[in-house]
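There are 10 protein chains.
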Amino acid sequence: MLFMVEMTVRIPQTLDPVVADKIKAEEKAYSQQLQRDGKWRHLWRVAGLYANVSVFDVKDADELHTLLTALPLYPYLDLKVTALAQHASAIAQN
Amino acid sequence: MLFMVEMTVRIPQTLDPVVADKIKAEEKAYSQQLQRDGKWRHLWRVAGLYANVSVFDVKDADELHTLLTALPLYPYLDLKVTALAQHASAIAQN
Amino acid sequence: MLFMVEMTVRIPQTLDPVVADKIKAEEKAYSQQLQRDGKWRHLWRVAGLYANVSVFDVKDADELHTLLTALPLYPYLDLKVTALAQHASAIAQN
Amino acid sequence: MLFMVEMTVRIPQTLDPVVADKIKAEEKAYSQQLQRDGKWRHLWRVAGLYANVSVFDVKDADELHTLLTALPLYPYLDLKVTALAQHASAIAQN
Amino acid sequence: MLFMVEMTVRIPQTLDPVVADKIKAEEKAYSQQLQRDGKWRHLWRVAGLYANVSVFDVKDADELHTLLTALPLYPYLDLKVTALAQHASAIAQN
Amino acid sequence: MLFMVEMTVRIPQTLDPVVADKIKAEEKAYSQQLQRDGKWRHLWRVAGLYANVSVFDVKDADELHTLLTALPLYPYLDLKVTALAQHASAIAQN
Amino acid sequence: MLFMVEMTVRIPQTLDPVVADKIKAEEKAYSQQLQRDGKWRHLWRVAGLYANVSVFDVKDADELHTLLTALPLYPYLDLKVTALAQHASAIAQN
Amino acid sequence: MLFMVEMTVRIPQTLDPVVADKIKAEEKAYSQQLQRDGKWRHLWRVAGLYANVSVFDVKDADELHTLLTALPLYPYLDLKVTALAQHASAIAQN
Amino acid sequence: MLFMVEMTVRIPQTLDPVVADKIKAEEKAYSQQLQRDGKWRHLWRVAGLYANVSVFDVKDADELHTLLTALPLYPYLDLKVTALAQHASAIAQN
Amino acid sequence: MLFMVEMTVRIPQTLDPVVADKIKAEEKAYSQQLQRDGKWRHLWRVAGLYANVSVFDVKDADELHTLLTALPLYPYLDLKVTALAQHASAIAQN
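Going line by line, the protein sequences match chains L, U, H, W, D, G, S, X, C and B. Counted from 1, the first sequence has number 90 at position 90 by the numbering used here; the numbering is strictly sequential. Counted from 1, the second sequence has number 188 at position 88 by the numbering used here; the numbering is strictly sequential. Counted from 1, the third sequence has number 283 at position 83 by the numbering used here; the numbering is strictly sequential. Counted from 1, the fourth sequence has number 386 at position 86 by the numbering used here; the numbering is strictly sequential. Counted from 1, the fifth sequence has number 409 at position 9 by the numbering used here; the numbering is strictly sequential. Counted from 1, the sixth sequence has number 524 at position 24 by the numbering used here; the numbering is strictly sequential. Counted from 1, the seventh sequence has number 642 at position 42 by the numbering used here; the numbering is strictly sequential. Counted from 1, the eighth sequence has number 775 at position 75 by the numbering used here; the numbering is strictly sequential. Counted from 1, the ninth sequence has number 842 at position 42 by the numbering used here; the numbering is strictly sequential. Counted from 1, the tenth sequence has number 953 at position 53 by the numbering used here; the numbering is strictly sequential.
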């Protein structure tokens, strides 16, 4: 099942840059692992912003919740979640 | 170049259902042609709503504008357009 | 899988009251059938408003979309859909 | 009488993690006691967010206020309260 | 139990003025009866607007819903409902 | 003249609890004095929130401003002010 | 006592232009009479919009309500009312 | 040329009260000088709030920007700027 | 003096298409005349929407108001007006 | 391709003024270099605010993202990005 997740990153100015860089590196590794696993199907940058549009392919809302809350950047994310269904005019299956 | 386009359809109650059905059939055919052409790369239904999330792959904003304003349902659409860039953590190219 | 669906009914003043009453009767019958089937698990009135808070128990977003768009009142509904997951402190399973 | 309460948790980054963990453990115990008492009738996680949708069954607004302000996480909660009435199409009584 | 109800009246321009005046007269009579019954405890005009702030004293949300939906102007009202509790600093009881 | 004032209290987590308690005690005493003086005519708790709905009876906007800015909690309040007029259907005088 | 009133005019496209012109002429005459009476102290056009910013000098909210609801354009106005007090740094008295 | 400027003051709790008082005294002196110069034509307090509604009479947007950014409280102000034109029904010239 | 004006066109479905086309042709001619006169300095389409971003170069707010209200499409426009000043880092003069 | 970018600067009060001045000087130099390169085509101050309206001329969203995230003030900016297309009534080419 697909979910669109829109993420905006808000790292506080007070966070130690060394710690911030470590978290970002872990986020990148974790994100790429999920992409290779087919769980994080799309990842696009919102032009100009520290934000992304993502599409996740998971079994259900529980798996989505588990994956998202395990994001290293999770404490610094504003998230919007939208459940997606098959569109009758789409030529591809979800 | 990629654009996310979020569309909500608001067909007025006063539109003749026969006309509405004809427009919807044209919309479907046009949409599927653009999908086969690789211009309308993704089309997902927002669960529960008469709305979709789409990703277009076009040369630039002018081509996007031309494609969208040619939608048979265009007069009845509320649209939100977001320009997408390559995300540094994405394993796929836009 | 559970979804919270918040519905606000906006029947246009121009709708023939006889037609409106027929649609509302069909809505009630359909809603009660889905409740007996265990698909529409909760249905509460928002006090004072022509609106409700509902919880649906469905296989996935596709089934939710099919059920909602079949509502007789669907053309007159404003809908907000929220995917629900298991809460770690809940003593009941979703 | 039923109230829907939507809670979003915003624990400040500056809170000592040991203190935060203690508060969360107290919150869980308190929440489960209220669930067993039948006061906190439903508790669902909003998928992807540090937020929940809850339904409380209390005598009146005063009891609701007493229960909510006693939540260990109360100082860190954004709350939205909605009074619920019996829906004429519901097959269950509130 | 007390509820604050904020009402904004939006009578469509297309409503026959004779019908409108009849509905307003019925609304006034019904409102004054509820005030005399002690159900509609306060009724204030929002200065400059076709709107009011009201406080209802009812048994529960079900009674509130019954009273409000019986308002002759109900189909033309935008309503906001807020449940009120006893304030610890108030010298009067709700 | 009557004004509805909606107050939400936002005491920063960094405020010394001893100081906070002292301010709250002063607020309570000041509030009860104004209630006894007939200036602060109504004071209701918004159920579940650290917020209230109040009605003030003052000579004019200048007196209202003087009373509100003298609130011990004033630096921590979000305020919304609404001027109230006599409602033609009210059986009581403002 | 002073009130700022922000007015936006929304004349429906369906209103007969002859009727609309008559109402606008009456509005102008009424507005200028109130200005000469010192009740409507300031009247400014919001640049580019069919809207104005006004300041009224009235006895209280009741008089304001009476003056505004008597505006010939009143049924077509969106209004926002703000009570004004004396500013301690102002060199003029309200 | 006239501009309406709506200002809300948000002095951080962390600002040294002695510094804050000095800034406020400078603000008052500067504001009164601009009023005497005819640049700051009106200054009203929004009743109950740490906010004002002002009207400036300046040569153009550049002069307005220069005057506003020189306000001693400028770093703590939320500002909304609205350009005003002559209203055809006004009996006074801007 | 420069103003940014953001325009969204909302032509009602009920407008006769022949009339609509005539108004649009007049709008285009008028717009191009103002562009040639140097009054309408920039005109950009918002990609995907029936909307534009414009920059006007006028003497003051009065001239802006006169130009905008003379737009043939004016009754169908939602407008947002922003006054622009010289930016200290700009290498060009406004 | 053109993008409108609206920037609001929010420099935290806690930033060392010497550091802030250095960042602003770097921002100015970088901005002027991009203007001379023809990438940052327009830069206007929003009158009264610490904000600007800009138009960028770039190859695509990726180049825009690279330019914006390299702004020395980027960590302190709230940004809104709007893709612009050729307007059919514009006498100039984008």
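One or more of the hints may lead you astray.
Unchecked claim - To give a feel for the contact side, a few chain S residues facing chain X, derived at Cβ under 8 angstroms:
#1 M604
#2 W644
#3 I691
Simulated from the structure, these hints should not be mistaken for laboratory data. Each residue gets a CB set at the ideal place from its N, CA and C atoms; glycine is no exception.
The hints, checked one at a time:
| no. | hint | result |
| --- | --- | --- |
| 1 | M604 | 6 angstroms, holds |
| 2 | W644 | 4 angstroms, holds |
| 3 | I691 | 5 angstroms, holds |
Of the numbered hints stated above, none is contradicted by the structure.
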